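Q: Protein chains in written order, with the numbering used here: chain A, -16 to 96; chain B, 231 to 349.
Source of the hints: derived by calculation from the structure; they are not laboratory data.
The structure presented is a predicted model; accordingly, all values stated were derived computationally and were not measured.
A few of these clues could be false.
Claimed, not checked - Straight-line Cα separation of at most 16 Å, EDC-like style, residue types lysine to aspartate or glutamate; simulated pairs:
| id | chain 1 | residue 1 | chain 2 | residue 2 |
| --- | --- | --- | --- | --- |
| 1 | B | Lys239 | B | Glu342 |
| 2 | A | Lys37 | B | Glu337 |
| 3 | A | Lys88 | B | Asp292 |
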Amino acid sequence: KNEVEQSPQNLTAQEGEFITINCSYSVGISALHWLQQHPGGGIVSLFMLSSGKKKHGRLIATINIQEKHSSLHITASHPRDSAVYICAVTAAYSGGGADGLTFGKGTHLIIQP
Amino acid sequence: NAGVTQTPKFRVLKTGQSMTLLCAQDMNHEYMYWYRQDPGMGLRLIHYSVGEGTTAKGEVPDGYNVSRLKKQNFLLGLESAAPSQTSVYFCASSYSDPTSGLKEAGELFFGEGSRLTVL
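Please build the complete structure, drawing on both the sequences and the hints.
A: So, in structure tokens, the structure goes:
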């Protein structure tokens, strides 16, 4: 079973700071998801990537397949970015299948005004 | 376009009672999932379905049953609730296999969550 570790577990920063959240996994993967869970509880998909880098607004996700590591960056952070950010991966050898996702425990981010 | 809708959003049960959580999606997705989220743990898969009329066990299926009689609905049942089933339950769906690496196929869409307390 793939192990997914996120760091830091908790992060408090000031508005405007550049934020980095890390995700490391133990085996080769076919896909990696970054999810955002709002304080009210709802979860939305931010990125799905298998290589390289993706950007959406102030959010940037990168992945290094060789190092088994992904990062989520937030530029010009804002209090509305306060949320739990969750990394999820699928092992490349799993053969696919809906039961192949392994989730990290999440990073709790607070952006103070 | 409602996306994924879960009902009810909150429920308190006594040990031994039964209940059903309903998940409905209007995106014509084939894959649907039920997860539970507990403090200090990642989302864990309870059951999933890869199409109408199909269901399969996930990581933590004991004490739960599911049905997918219609493509748009995925029901999660607790026949005899236990305090260990106190959790937040999330339904999710995707057009196809989320492990394929293809965003169009595998992007996950989640419901708002259902908070269940078993006394």
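Q: Against each hint, give a clear statement of whether it holds in the structure.
A: Taking the hints in turn, this is what the structure says about them:
1. B:Lys239 to B:Glu342: This hinted pair holds, its Cα atoms lying about 8 Å apart.
2. A:Lys37 to B:Glu337: holds, 14 Å
3. A:Lys88 to B:Asp292: violated, 22 Å
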